Amino acid sequence: MEIKPKRKLTEVLFLAALLLGAFVALMPFLYMVANSLKTYGETVTRVSSNPFSPRFWPRKLQWNNYLTIIRDDNMGHYFSNSLIIALITVSGIIATSTLAAYGFSKMRFPGRDRIFTVLLVTLMIPETVLLIPNFLIISSLRWVDRLAALTVPFMGSAFFIFFLRQFFKQIPDALMEAAKIDGASHLTILVRIMVPLIRAPLFTVFFLAFNGSWNALQWPMVVTQSDRWRPISVAVAKYVTEAGPETQLRMASAMVALAPILVIFLIAQKQITEAITNTGMKG
Amino acid sequence: MKKAIMLLSILALLTGFLFAGGGNEGASSAKAYDTVDPSGQTVVFWHASSKLHGEALEKIINEFNSTNEWGITVVPEFAGYYSDIYNKMTTAIAGNSTPDLVVGYQNSAASFQLSDTLVDLNGLVNNKAWGLSKEDRDDFIMDFLDQDVNAQFGGQRLGFPPNRSVQMTYYNQTWLEKLGFEAPPQSWDDFYAVCKAATESAGDTYGYAISTDASNIFAMVVSRGGSVLNKDQTLYTLNTPEMKDTMTFMKKLYDDGYGRKIAEKYGDQTDFGVGKVMFTTSSSAGIPYYDKAVMGSEKPFEWSLYAGPHSTKKPTLNLYGPSVSICKSTPEKELAAWLFLKHYTNTASQTEWVKATNYYPVRKSVKDSLSSYLVENPKYAESFEVLLNSDGYSEPPFIGWDEIRDMLDAGFNAILDGAAIEKTLIDMEMEANDIMASSAP
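First to last, the protein sequences are chains Y and L.
The numbering of the first sequence is our numbering, which starts it at 173 and goes up by one.
The numbering of the second sequence is our numbering, which starts it at 265 and goes up by one.
Simulated from the structure, these hints should not be mistaken for laboratory data.
For clarity, every value in this text was computed on a predicted model and none was experimentally measured.
Each residue gets a CB set at the ideal place from its N, CA and C atoms; glycine is no exception.
With a straight-line Cα cutoff of 30 Å, these simulated BS3-like cross-link-like pairs (lysine-lysine) come out:
no., chain 1, residue 1, chain 2, residue 2
1, L, Lys563, Y, Lys232
2, L, Lys516, L, Lys442
3, L, Lys577, L, Lys495
4, L, Lys578, L, Lys398
5, L, Lys516, L, Lys578
6, L, Lys643, Y, Lys232
7, L, Lys460, L, Lys556
8, L, Lys643, L, Lys442
9, Y, Lys232, L, Lys556
10, L, Lys529, Y, Lys232
11, L, Lys442, L, Lys577
12, L, Lys460, L, Lys687
13, L, Lys540, L, Lys529
14, L, Lys578, L, Lys495
15, Y, Lys232, L, Lys315
16, Y, Lys232, L, Lys540
17, L, Lys643, L, Lys631
18, L, Lys563, L, Lys442
Some chain Y residues near chain L, calculated using beta-carbon distances under 8 Å:
no., residue
19, Gly213
20, Glu214
21, Val216
22, Thr217
23, Val219
24, Leu303
25, Leu308
26, Ser311
27, Gln390
28, Val394
29, Ser398
30, Ala409
31, Lys410
32, Val412
The following block holds chain L by itself, in its conformation from the complex (with noise of 0.2 Å):
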């Protein structure tokens, strides 16, 4: 059925195409933008920044309408979650009717460029007028920038980022002292450990809230050195050792009773904040809601996060978040539309996103214009410190990733539900592999 509707999306996606005439021309290569003037340019930007975060981009884009030397102004439109963005890119392409910059993760850049609609970033990256500066490259994070480079559209730039977010562990730091450790467990062996030691030490307590989310996967086979691709990522590998290892664990760990499934979304919040789960796996920008929760609760206790168990040599982090992608139309709008970008991920304009939104900036620099905020917010401190001292992962980029996902989903908790590890996993790899051949551009 979920492969149905991929299908489905991917037709409608070619429709739009035809429709849309075949897309507009935009000028890709980096010397094509040399002559071009971008003033005067209106952009319109489909973002899905609500409430506080909404109220911060729209500072950083005031700014830009306000102070830019070519008179472009940038219009902001909150255009829903991402999947409503999705929906509204697709129906968009159709009728030819894209934004300028929209946001989104990496497979669905990859999906609305099937349509040939964006623009691949490495000529604008790269060109020598308004391209980034050699002081630039130094100070952007690389892996962030790289994560929207995909090599099913031949290493096109599908996106820039904005802000990056990882998948870290959240405990229980006053229990785990009470417990007697010292410091969170650093290999998985310790971890079930300390998983047991915790569903031992009262009634109703328990050790893991199981995330079945593919992002958990990935981040727990990441932490084993494992891969979900081949190294050449032409294949998903999901019947590798790493990913049995990481199936088989989980499963102990739920058959003795130390772990248990998150039964509904943000369910384990509320366990961590009532004191009954000692671990928890979540994202980075969770980090107020974790707050909040334990400080409402009856009986507040210190709490903190790190990046998990593993056993590979440094710890590693599920690295994630959306970027900005541009929309094909006149390299003029292309133009103005690259140099917001420009201004959007600038040290001061990434200064204030952060601040706002608790994400993590795509420029090293920001750290010392954070120096008072970092003070002030010293788990958000803590857990970007934990994003300086470990290798970053990213997920596939690819077109039907949103399917696998779901799959790996469906598979890990058809596991802890007693189904046969091996099969499951060799039965998910063939799937996944027609997904990635039927999906292919």
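Next comes chain Y alone, as it looks inside the complex (with noise of 0.2 Å):
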């Protein structure tokens, strides 16, 4: 079939709006991969908004900043903190989060309508004005500088019940019932039938459960008072001074941050898109 050269134009159109945005989309990661490798000085007088002008990019790739991070900020300790805080808060988000979807979605109890509606209410609850509470909570617990201070107090998360709640939704109650006449608990419903068929959402809900504790500053700056257990966003925290910033350390630092969400991002981008695409939620 031949395509029509009106919609052939609109394509192109189209595919060009797309690259465009993408291209726009990608500046900043450009932006912090020349400064990354850049001298200080470079940083401030060798600068160019466009990625195709020399002045972009460093004269000599400076990979001496990667090891002053590595080796002189200790960033490898940071990194794995990061890491297992991310971890262990995720397993705990995945775990509460689709059994306490799964109680909402499919089984039937009194108040579980309203329980639900109060769970959603704690959405809108501005982060800033938990930090208080959430401390003294901590605190009464003898947790400060510990490791459950970052990860217990967000393995519970309201939305992503909330975002799985929908997928279980889905699901037909008829293949639940099938299961009970053959004598399956809920919990081996749960494991064996729904969870196989929720995978693309678990997914989603790992990418942003990691993104967000990978990215999260203001609580691990509350909570912690040595380096024991902070993580890589403090580090590269520790690069702004008063006078002026290490820009090119930064960077550096920030690439290095970026690197697992990237990976995973690139590992789980197919199910990702397919979960978002399936309940209509935006990234």
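Join the two chains into one complex using the hints; note that each chain is given alone, in its own frame.
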């Protein structure tokens, strides 16, 4: 079948718009890469907003910046802290959100919908308002400067419960009824039947929760008192002082901090896109 | 919105006060520490010094820990930048888990004192046994020390300074001389003339990188002999002739194309480094960064810095810097914290601190021990001379000043973009005094 010229032109224009959008989205990343390989002087005087200009890029690649942050600034320690914190938090979120979402969508108990509404209302509370009450709880539990303070408070999330509930609701109850007739308990139904059906949304939860945990800055600053459990976000913040920024080191550390997020997204992008398309949610 | 955030913040601090059970009982009068024994105390210090600054601070602390006769141990904890420390302190006050020493700006200290968290250091400074000797008092730059005496809290001394910085005007000396000027302009009219000449000398150059930051506004107002507070420091005065002159001058410079707003943070460093702008105003702590920017550019040039134009007899400077406050705990801990502060500000520690940070010391005697450093760092030496030959003024140390700073920044921007000067200043003055009234202790 021959494509009409008008349709062809529309497609070309659409593609051009997409390419332009992708280019704009890619600019900060390119800026980060270029500046992570410059000298301080170059980050200040060799600047251009056009990545096709030689001034956008360093004269000579300064790989030393990466060596400096890893060797002198102990970036490896912060990186592993972030990884441990994020993995524990995400495991907790997936466990609690899956169980709760299943309960809210497939089980019947008194006050179910009211409790769910209250849960949704908690989404409206700004994070800043919760800072002091949360800290008081952590402090009374003597968790300050401990791993638990950085992970446990974030293992429950109203947003992810709501998100997964939407998917559970799409699964026909007949599947559950059939399993029940075969003698399966709720936990068996959840683990053996439901979870395999919501793999894509679970990947999305994993990615979003990992991202949130990895990028958190305010809470880790408040509940840590030493470098023992401080995450990489705190290390990146160290490169700004009253006098000026160490832009090249800041960008190099941001590159290191970005790496896991990028890897996870590249691996799971298909599932993430699929889940977001199914819910109609935008990223 | 800003005001709402500030009120929320104050509310949080007051809530903290309630949760903390009214704060700890300290020993604030001068005599209260006479018989106190600080031996064996451990003191936790929340600071904002990272990288080289952090290493220098750690060195000073290690030296104190290994040499002090009372066996006091100071534990340094990097707590983020000043805004992070403010948040951390707000929650710590609520959780009754404040550190023993905390670094912060004077208006932050005032906010903490709303919950009666800090020790009035007058009791320690004036103590006969532990306080400052006559020699110390003669050696300290008293203008620096007095910045922490807070009129909002009846003259309580809420902090002690380990260093200070000033707002200075950086200029391209090579270019200035090429334009036929022997020295940087001392009056505002001459400043305009140089900016005009610099703008007209080449295609894409301009005279002054206009920072709309409140520190810059304050510096320009005091350079005209003005102030942002009335005499007894009870009201903000933002609609003064000096403030109007400042805004009118900058608006003209901007409209005529001889001054441009700084579009992004440190963007003026970029323009200065590539020789695009003649003057820019920034913290003296930025000297090494400016130096690296100029030396790293394709065409390095000679540059220097000075106090900036002024209509007062002597040049004026906006003096600022964080201080270290002692949180209320036990008299033993408070005294131990004070003894560390004395060590941190003695001549030897100050010398090390200055070398690592490029800040100005708080003792005059440090200049002698810095002789070789001054030779190796001529720009710092020049700036030190400027400091010694100028009158220093400091921004209000009051609760709510941060919000007023943001408002001044926005107001200055609006004026440059066409808002009526007088109306904007009247509105800002009213708003500032509302903030002052609502945040008074």
